[in-house]
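Trainee: These are the residues of each chain, in order.
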Amino acid sequence: MIPRAPRLIAGVIAVLGIATACASRTVDVSYPQTEVKKALLANVAPRRVVVAPVTDRRGDKDRIGATPVDRKPIVTARQVADIVRDALIREVEKNGHQVVAGPGDVILAADVEEFWLDAVGRSSATQYVGRVAIALAVADGETGDRVWSRRYVGIRRQTAEADSKTAWREVMDTALARTMRDVATDADLALSLARTPR
Amino acid sequence: MTTGLRSAMPCVVALTIILLSGCASSDRPPAPRMRPSSAALTDLRRLVVVTTGESRFTVLHGVKEPGRSFDDVVKWLPGKDILAPIARALYSGLSWLLDADRAERTVPRDVVPGTVVAEAFARALQVSGPFNQIVPMDHEPVGDDRRLADAIVRLTVPSWGLMRVREGDADVVAGFADVRAQMVVRETGVIVWEHEEDVTHPGRLSLEAFKHDAGLTRQDLVDVLERAGRRLASELVYAQDGRR
Chain A
1 MIPRAPRLIA GVIAVLGIAT ACASRTVDVS YPQTEVKKAL LANVAPRRVV
51 VAPVTDRRGD KDRIGATPVD RKPIVTARQV ADIVRDALIR EVEKNGHQVV
101 AGPGDVILAA DVEEFWLDAV GRSSATQYVG RVAIALAVAD GETGDRVWSR
151 RYVGIRRQTA EADSKTAWRE VMDTALARTM RDVATDADLA LSLARTPR
Chain B
199 MTTGLRSAMP CVVALTIILL SGCASSDRPP APRMRPSSAA LTDLRRLVVV
249 TTGESRFTVL HGVKEPGRSF DDVVKWLPGK DILAPIARAL YSGLSWLLDA
299 DRAERTVPRD VVPGTVVAEA FARALQVSGP FNQIVPMDHE PVGDDRRLAD
349 AIVRLTVPSW GLMRVREGDA DVVAGFADVR AQMVVRETGV IVWEHEEDVT
399 HPGRLSLEAF KHDAGLTRQD LVDVLERAGR RLASELVYAQ DGRR
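As given, the protein sequences belong to chains A and B, one line each in that order. Residue 1 is where the first sequence starts when you use the numbering used here, and the numbers rise one by one after that. Residue 199 is where the second sequence starts when you use the numbering used here, and the numbers rise one by one after that.
Extracted from the complex, chain A is given alone in its bound form (with noise of 0.2 Å):
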């Protein structure tokens, strides 16, 4: 009969697994590597940075929307922290810093506040608003004095068919991308990182 038990479990986690999977719809949002380029940052002498665990503030863990049709929750296919971590490392690298585990010259500190879809409509016509919020902090590498600190929102518009993945994804990906190219072009931030000591 012992033996049985791990079996049994691990049957009611697949079931859960799978019933939880049917029930909810998921879509890879990602900031790809082909779309980063150099911006203000590339303009500060190389740094040792240090890009913090990004700490989820939003009030609905579970999900970023529900689908226009059937209210399922739509969830993304990775942790949202860190897709935000991994799109910040890449413009940060893009931009000729070295990204460190620690200790760095400066730490990079970001809170997601929103990575929402909304959708109006449940035609051909279907209007997706999709928004990424981001508090972004910097802080001194040596004392971890919090320096500067500044908040980003990437929002993306787009009219799709009630069901697209597609879309659901795209909208998500722009108001991300969005939110990165603001952070990248943000003079404000690039003199701050200049005048972190190195």
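There's no promise every hint is true.
[What the hints assert, rightly or not] Restricting the straight-line Cα-Cα distance to at most 35 Å, the calculated cross-link-like pairs of lysine-lysine (DSBU-like) are:
no., chain 1, residue 1, chain 2, residue 2
1, A, Lys94, A, Lys165
2, A, Lys61, A, Lys72
3, A, Lys61, A, Lys165
4, A, Lys61, A, Lys38
5, B, Lys278, A, Lys72
6, A, Lys165, A, Lys72
7, A, Lys94, A, Lys37
8, B, Lys409, A, Lys61
9, A, Lys94, A, Lys38
10, A, Lys72, B, Lys409
11, A, Lys165, B, Lys278
12, A, Lys37, A, Lys165
[To be verified] Stretch by stretch, here's where chain B covers chain A in the computed footprint (C-beta under 8 Å, at least three residues):
no., region
13, 34 to 42
14, 111 to 121
15, 124 to 136
16, 150 to 159
17, 176 to 189
[Unchecked claim] What follows is a list of derived Cβ distance ranges for each label pair:
no., chain 1, residue 1, chain 2, residue 2, range
18, A, Ala125, B, Leu414, 23 to 33 Å
19, B, Val420, A, Arg57, 22 to 32 Å
20, B, Glu252, A, Ala101, 52 to 62 Å
21, A, Ala187, B, Glu252, 25 to 35 Å
22, A, Asp56, B, Gly341, 52 to 62 Å
23, A, Pro46, B, Asp421, 31 to 41 Å
24, A, Ala125, B, Asp279, 15 to 25 Å
Since the hints were derived computationally from the structure, they do not count as laboratory data. Note that the coordinates shown come from a computational prediction; the quantities given were computed from them, not determined experimentally. Yeah, the Cβ is synthetic: ideal placement off N, Cα and C, and Gly gets one too.
The hints should help you fit chain B onto chain A, whose structure is shown.
Mentor: Just chain B, lined up with the frame of chain A:
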């Protein structure tokens, strides 16, 4: 009509359809526009920013497609096959009229959308861009203004206004602006950068709130136009690929 001709009829019709469909425009998406190389943007130091084209103000709150409750009612109607399309057309027409009426009552008449976008675009580029001089103008430059410019950026705001951005018990709307920008080298006329963007205000409020507070509406719309200018500047700086 002879029996032979009658039997050939379906083939003739099918052949005609095939030939006509060959003449019709295809549904294939247009070829992607060539992305300008960042090298083409170097050595452009003096910019003139001008606004072009018409801007249409809209308040898109009504749903052009009737919802489920509409379908539930229509399915019980006698002669629904005929009545349903008529009812749908009527619904869309009324919805459009309501939107047009709302737009007429909401538009802030002292706001020139292109000018607000152009000024915000120029301010943002002065802070973060590689350009020495950026001059926003409300018309195409002539004389010395034109001769001294390295490039001309033409901005268009085809549509702006308020749009429903979330569905639910309390529908909310936000300011929006659809913008286009094109940078042309003055000497050669070569387009070195083009960008289109849907810009939406991060803030969301009920349409009632906007209807009852003209000052709030004006502020929200100016905010989204300025955001559009900053977004365009951000995309232009990003397109430079680190060149300053």
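Trainee: Hint by hint, note whether the structure agrees.
Mentor: Each hint tested on the structure:
1. A:Lys94 - A:Lys165: holds, 30 Å
2. A:Lys61 - A:Lys72: holds, 15 Å
3. A:Lys61 - A:Lys165: Roughly 20 Å between the alpha carbons, so the hint for Lys61 of chain A and Lys165 of chain A holds.
4. A:Lys61 - A:Lys38: Since the Cα atoms of Lys61 of chain A and Lys38 of chain A sit roughly 32 Å apart, the hinted pair holds (cutoff 35 Å).
5. B:Lys278 - A:Lys72: Given pair Lys278 of chain B, Lys72 of chain A holds - Cα atoms ~31 Å apart, limit 35 Å.
6. A:Lys165 - A:Lys72: Between Lys165 of chain A and Lys72 of chain A the Cα gap is close to 13 Å, so the pair holds against 35 Å.
7. A:Lys94 - A:Lys37: holds, 7 Å
8. B:Lys409 - A:Lys61: holds, 34 Å
9. A:Lys94 - A:Lys38: holds, 6 Å
10. A:Lys72 - B:Lys409: Holds: Lys72 of chain A and Lys409 of chain B sit about 34 Å apart, inside 35 Å.
11. A:Lys165 - B:Lys278: Roughly 33 Å between the alpha carbons, so the hint for Lys165 of chain A and Lys278 of chain B holds.
12. A:Lys37 - A:Lys165: The given pair, whose Cα atoms are some 27 Å apart, holds under the 35 Å limit.
13. 34 to 42: Coverage by chain B holds here, the residue count being 5 at a Cβ distance below 8 Å.
14. 111 to 121: Our answer is that it holds, as 4 residues pass the Cβ test (under 8 Å) against chain B, meeting three.
15. 124 to 136: holds (count 5)
16. 150 to 159: It holds, with 5 qualifying residues against the three required.
17. 176 to 189: With 7 residues closer than 8 Å to chain B, the region 176 to 189 of chain A meets the three-residue bar; holds.
18. A:Ala125 - B:Leu414: 23 to 33 Å: 29 Å Cβ-Cβ, so the 23 to 33 Å window holds.
19. B:Val420 - A:Arg57: 22 to 32 Å: holds, 30 Å
20. B:Glu252 - A:Ala101: 52 to 62 Å: holds, 55 Å
21. A:Ala187 - B:Glu252: 25 to 35 Å: holds, 33 Å
22. A:Asp56 - B:Gly341: 52 to 62 Å: holds, 57 Å
23. A:Pro46 - B:Asp421: 31 to 41 Å: For Asp421 of chain B against Pro46 of chain A, whose Cβ atoms are near 37 Å apart, the range 31 to 41 Å holds.
24. A:Ala125 - B:Asp279: 15 to 25 Å: Once the Cβ atoms are compared, 23 Å apart, the range 15 to 25 Å for Asp279 of chain B and Ala125 of chain A holds.
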